[in-house]
Amino acid sequence: QGKAGLALSAATFSSFSGGTLSIIVLMFLSPVLASWALKFSASESFALATFGLSIIASISGESLIKGLIAGVGGLLIATIGLDPMGGFPRFTGGFVELMNVPFIPVMIGLFAASEAFRSMEQNQQIRQGAKVAIGSLLLPWQTLRRIALTILRSSGLGVFIGMIPGAGADIAAFVAYNETRRFSKTPENFGKGEIKAVASCEAGANGCTGGALLPMLTLGIPGDAVTAIMLGALTLQGMQPGPLMFTDHGDMVYTLFVGMIFCYFMLLVLGLLSLKVIGNVVKIPGNILTPMILALCVVGTYALNNSLFDVGIMLIAGVVGYFMQKGGYPASPVVLALIMGPMAESNFRRALSLSGGSLDFLYTRPITLALLTLAAFTLLTPIIRKIMRLRRQ
Numbered sequence: 003q004g005k006a007g008l009a010l011s012a013a014t015f016s017s018f019s020g021g022t023l024s025i026i027v028l029m030f031l032s033p034v035l036a037s038w039a040l041k042f043s044a045s046e047s048f049a050l051a052t053f054g055l056s057i058i059a060s061i062s063g064e065s066l067i068k069g070l071i072a073g074v075g076g077l078l079i080a081t082i083g084l085d086p087m088g089g090f091p092r093f094t095g096g097f098v099e100l101m102n103v104p105f106i107p108v109m110i111g112l113f114a115a116s117e118a119f120r121s122m123e124q125n126q127q128i129r130q131g132a133k134v135a136i137g138s139l140l141l142p143w144q145t146l147r148r149i150a151l152t153i154l155r156s157s158g159l160g161v162f163i164g165m166i167p168g169a170g171a172d173i174a175a176f177v178a179y180n181e182t183r184r185f186s187k188t189p190e191n192f193g194k195g196e197i198k199a200v201a202s203c204e205a206g207a208n209g210c211t212g213g214a215l216l217p218m219l220t221l222g223i224p225g226d227a228v229t230a231i232m233l234g235a236l237t238l239q240g241m242q243p244g245p246l247m248f249t250d251h252g253d254m255v256y257t258l259f260v261g262m263i264f265c266y267f268m269l270l271v272l273g274l275l276s277l278k279v280i281g282n283v284v285k286i287p288g289n290i291l292t293p294m295i296l297a298l299c300v301v302g303t304y305a306l307n308n309s310l311f312d313v314g315i316m317l318i319a320g321v322v323g324y325f326m327q328k329g330g331y332p333a334s335p336v337v338l339a340l341i342m343g344p345m346a347e348s349n350f351r352r353a354l355s356l357s358g359g360s361l362d363f364l365y366t367r368p369i370t371l372a373l374l375t376l377a378a379f380t381l382l383t384p385i386i387r388k389i390m391r392l393r394r395q
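Heads up, my numbering is the position in the sequence shown plus 2, with the first residue counted as 1.
No lab work stands behind these hints: they were computed from the structure. Glycine included, each C-beta is placed from N, C-alpha and C at the ideal position. Keep in mind that the hints are not guaranteed to be accurate.
What the hints assert, rightly or not - With a straight-line cut-off of 30 angstroms between C-alpha atoms, the simulated DSBU-like cross-links for lysine-lysine are:
# : residue 1 : residue 2
1 : Lys194    : Lys328
2 : Lys187    : Lys388
3 : Lys68     : Lys278
4 : Lys68     : Lys187
5 : Lys388    : Lys278
6 : Lys388    : Lys68
7 : Lys194    : Lys68
8 : Lys388    : Lys328
9 : Lys328    : Lys68
Said to hold, decoys possible - Here are the in silico distance ranges between beta carbons for each label pair:
#  : residue 1 : residue 2 : range
10 : Phe90     : Leu361    : 22 to 28 angstroms
11 : Gly244    : Gly96     : 42 to 48 angstroms
12 : Gln395    : Asn191    : 18 to 24 angstroms
13 : Gly329    : Ile385    : 19 to 25 angstroms
14 : Arg391    : Asp362    : 34 to 40 angstroms
15 : Gly89     : Val321    : 28 to 34 angstroms
16 : Phe97     : Ala150    : 45 to 51 angstroms
17 : Pro293    : Arg387    : 38 to 44 angstroms
18 : Ile385    : Met268    : 43 to 49 angstroms
19 : Leu146    : Gly96     : 54 to 60 angstroms
20 : Thr188    : Ser65     : 15 to 21 angstroms
Based on the sequences and whatever the hints tell you, model everything.
This is the structure:
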């Protein structure tokens with residue numbers, strides 16, 4: 003649409019805002035929010051994952067049925083690997099590498115490699131001198147006002163989701179996108195260059211930063227893999243994260259806060275300064291850009307685990323994604339199911355075990371019931387809207 007600069011500047015500003023707001027929340031509300039997050043047991047985590055899966059209805063595009071089929075396919079792929087409770091292999095075919103199917107190679111294949119394959123088929127040539135509306139390095143005031151509420155809401159969701167162990171930036175981005183789309187007066191514009199969609203994903207994902215640090219610093223419970231590494235590093239330095247962290251090592255804690263805010267300011271400055279360079283990427287001819295994209299897909303996938311097997315998974319996912327595009331099946335539900343599926347399965351089975359095989363945890367725990375109700379509402383809303391639209395016609 004010739005709005006590369008607008009999209010990039012909105013993404014940069016939203017990332018900065020989401021991360022900075024999460025650190026401010028972390029500074030002032032650490033004890034209160036962390037103790038509240040402790041109320042999340044296996045049943046609440048299962049309900050949260052179910053709510054995440056219900057977002058498939060919102061990201062399915064024009065065909066809900068095809069979106070659900072893609073989501074079920076992602077859930078089936080998620081069952082490959084080690085059983086989360088028993089620890090025995092499932093559907094691995096004897097391949098040790100399939101004990102844990104990494105979702106990042108699949109995501110790279112479905113979104114990047116498949117698009118490169120499609121460009122090769124169509125022999126797309128992005129013409130030299132293509133129009134790129136970079137404009138000012140700062141967002142227009144009208145656009146900033148338009149996305150301000152979206153950034154605040156998505157940042158809050160990111161902080162909340164980041165506090166829950168096992169959840170992360172990927173889940174926060176999907177949830178923030180869904181909620182923004184649900185509150186939008188023009189949900190049909192999402193997936194077609196809606197600026198609020200860009201802002202919501204970036205703010206939600208970066209809002210997880212402060213959220214994940216909350217339980218780690220106040221309770222000694224890491225919110226994600228990164229904070230688990232930080233927990234180990236702090237312990238090696240003789241600092242034990244927990245209730246006494248703020249009294250025994252308060253100077254270090256607030257130095258960490260100030261340092262993270264400084265990092266986000268640098269992200270904003272460097273991001274804005276590099277906009278023109280990044281925006282001009284669209285001027286590169288397609289016959290040069292497509293091989294570069296494929297090469298980066300291969301190198302990036304291999305760098306994850308130094309595994310050629312991951313590269314093979316990425317290429318297979320790319321071919322599958324190519325045919326999914328041909329058939330009109332969206333790729334996002336597959337990735338969402340790969341992320342949420344293991345979380346939903348493991349926590350459901352854990353909650354079932356803790357309740358002695360009874361399903362009463364689904365309706366006796368208020369937070370669980372609220373999240374499941376919200377999931378049902380999110381899943382049914384597009385269906386009801388479609389029925390009402392058909393009746394009007």
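task: Please name the hints from earlier in the document that this structure breaks, with their numbers sorted from lowest to highest.
output: Numbers 3, 5, in rising order.
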